[in-house]
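Residue numbers (our numbering), protein chains in the order written: chain F, 1 to 264; chain V, 1 to 264.
Check the hints yourself; a few may be wrong.
Any copy, or any two copies together, can satisfy a pair, since identical chains are not distinguished.
Unchecked claim - Keeping only pairs whose Cα atoms sit at most 30 Å apart, straight-line, the calculated DSBU-like set for lysine-lysine is:
hint	residue 1	residue 2
1	67	168
2	59	164
3	93	59
4	14	38
5	168	102
6	14	67
I should point out that these hints are in silico values taken from the structure, not numbers from a laboratory.
Number of protein chains: 2
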Amino acid sequence: MTNDYYRIGEFAKKTNTTIRTLHYYDEIGLLKPARTSKTGDRYYSTNEILTVQKIVTLKYLGYPLNKIQKLLNNNEWDLRQSLSFQREELVIKRQQINHMIKTLDHALSILEENQTVDPNIFIMLINSIQMEAEHKEWMRNFIPEHMIQDIYNISDEKQQQLNKRVAKEFANIKKLVGTDHNDEHVQTVVAAIWDILYDLYPNIEDIILRITEVNDDIDRHLAEAPVLFPSPFTVEEEEWLAQAISIYLEKKGMEKIEDKKEND
Amino acid sequence: MTNDYYRIGEFAKKTNTTIRTLHYYDEIGLLKPARTSKTGDRYYSTNEILTVQKIVTLKYLGYPLNKIQKLLNNNEWDLRQSLSFQREELVIKRQQINHMIKTLDHALSILEENQTVDPNIFIMLINSIQMEAEHKEWMRNFIPEHMIQDIYNISDEKQQQLNKRVAKEFANIKKLVGTDHNDEHVQTVVAAIWDILYDLYPNIEDIILRITEVNDDIDRHLAEAPVLFPSPFTVEEEEWLAQAISIYLEKKGMEKIEDKKEND
DNA sequence: ATTGTATCTAACGTAACGTGAGGTTTTATA
DNA sequence: TATAAAACCTCACGTTACGTTAGATACAAT
């Protein structure tokens, strides 16, 4: 009542914005106040407070300034559609954040148990959670649906437990790289990894058989496609590990499976 | 196995990134591949796939690239703390998004009932939901806590109903501005608004009395503070409405309250 | 005459790339 | 063998919504 216009500083306080923000809105034509012809100072009217409120509110709803500008001009905004759309976008964002939080929880649970974690192993585990959907999609190319279902139909808790065990045993592998494959210690660790796989999917041998069958298919897919399963091991480590595993399987009598294959 | 290095295009496909992204990571020193001395072409080794996976994963967890850079260098990252912190940030973000979605739901419910809504009224209603926390805080300066509790302790559904009624009646006001305050039509609309207030808080007269008492306090606060309650009316509309309301109250016999005040 | 306050314009910095523009090398084709 | 296509390179501007100096101007108070 006392004054029906504000200078920019006062107006910024009233609208809980900053001078710079008002300058910017002026610059992009979102809110052009009156000007004194001499000094060029900006003068805002009382009614323009509401305009700022509109802008702030729409910003809060997640609109970028250029869309806000259109909404302010269009007196007959197609609000309904716009708001529904905005809502859907937010719901998607929320899903993403939920997934990120879930992933972080897994990560923290891994760290809880293993006081020091090799960064590479850690990344691999996080990645396996993060990319779950893509992994499934990829596996559908080679493995029958029911096997995939079995593998991924597992509770978060169980998943966390497995992750902890993997972190532990993979760390052991990293320590042992370069030593004798036949060493008892090495074979124990490989056995532990095998146990984890077995725990995850009791018919693991079927899956391995299946993978052996479609090995060529897989290779062809891998040639051009992105790498979906990052390995926490260096090339040298991987080669060493492959040796150790093949020796383990030999000792364990993997021949049974080979027999089975030949009987088809 | 066939080759142990990749040119940038191939590597981009493998890591599911773009050439530009890899250029950028090189530029900021996040991932510097080998170069041919002659042409300057970049060559990436197999092991660098894992580095990219690390970057992608940490990005997914919401880290900015400069923090990722530090994490990649620090072999003994203080991951635990970092991840917990990150988690908290995400939880806050999720809360904000939830609030935004809730606000949008209110907005959509208003639009559902009133096929055309005045933008100014609409903004005011959204704002009242959006700023609920600040409004409460502000009211604590003048109004006893239990009154605030009573006002805001109201279900979302009821809130939505009230919003619809407010949208409708305020729209009526906008139509009537300028006509005779004493007109029956005008007085009916003002009465409807009064009913809404009464519905929201049966002891509305107590609150008004209280506000009348601390009027000076409020004025003092309003002088320097941001405008928390945006009005959907222009200055002229507000003046007209004030008149209409005071006539309504006179007719209704607001004198009782005035009496009460003098009896203190 | 000087100091302080409020304002102005101009212009760079931010994050993480996308998107050309214009130039070079190597490979494939007419 | 001339040329066109692939794949690469280095600038360098555009994007969002302001924050942050820097230097200049107007006006009021000391």
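Going through the hints against the structure:
1. Proximity of residue 67 and residue 168 under a CA criterion of 30 Å is satisfied inter-copy only: 26 Å between copies versus 51 Å inside one chain copy.
2. Taking the shortest Cα distances, residue 59 and residue 164 sit within 30 Å of each other only across copies (23 Å), while inside one copy they are farther apart (43 Å).
3. In this assembly of identical chains, residue 93 and residue 59 lie within 30 Å of each other by CA distance both inside one copy and across copies; the values are 16 Å within and 15 Å between.
4. Taking CA atoms no more than 30 Å apart as the test, residue 14 paired with residue 38 passes inside one copy only; the shortest distance there is 25 Å, against 62 Å between copies.
5. In the homo-oligomer, the alpha carbons of residue 168 and residue 102 lie at most 30 Å apart inside one protomer (21 Å), although the nearest pairing across protomers, at 44 Å, exceeds that limit.
6. For the homomeric pair residue 14 and residue 67, the shortest alpha-carbon distance inside one copy (24 Å) is at most 30 Å, but the shortest distance between copies (37 Å) is not.
Violated hints: none; the structure is consistent with every hint.
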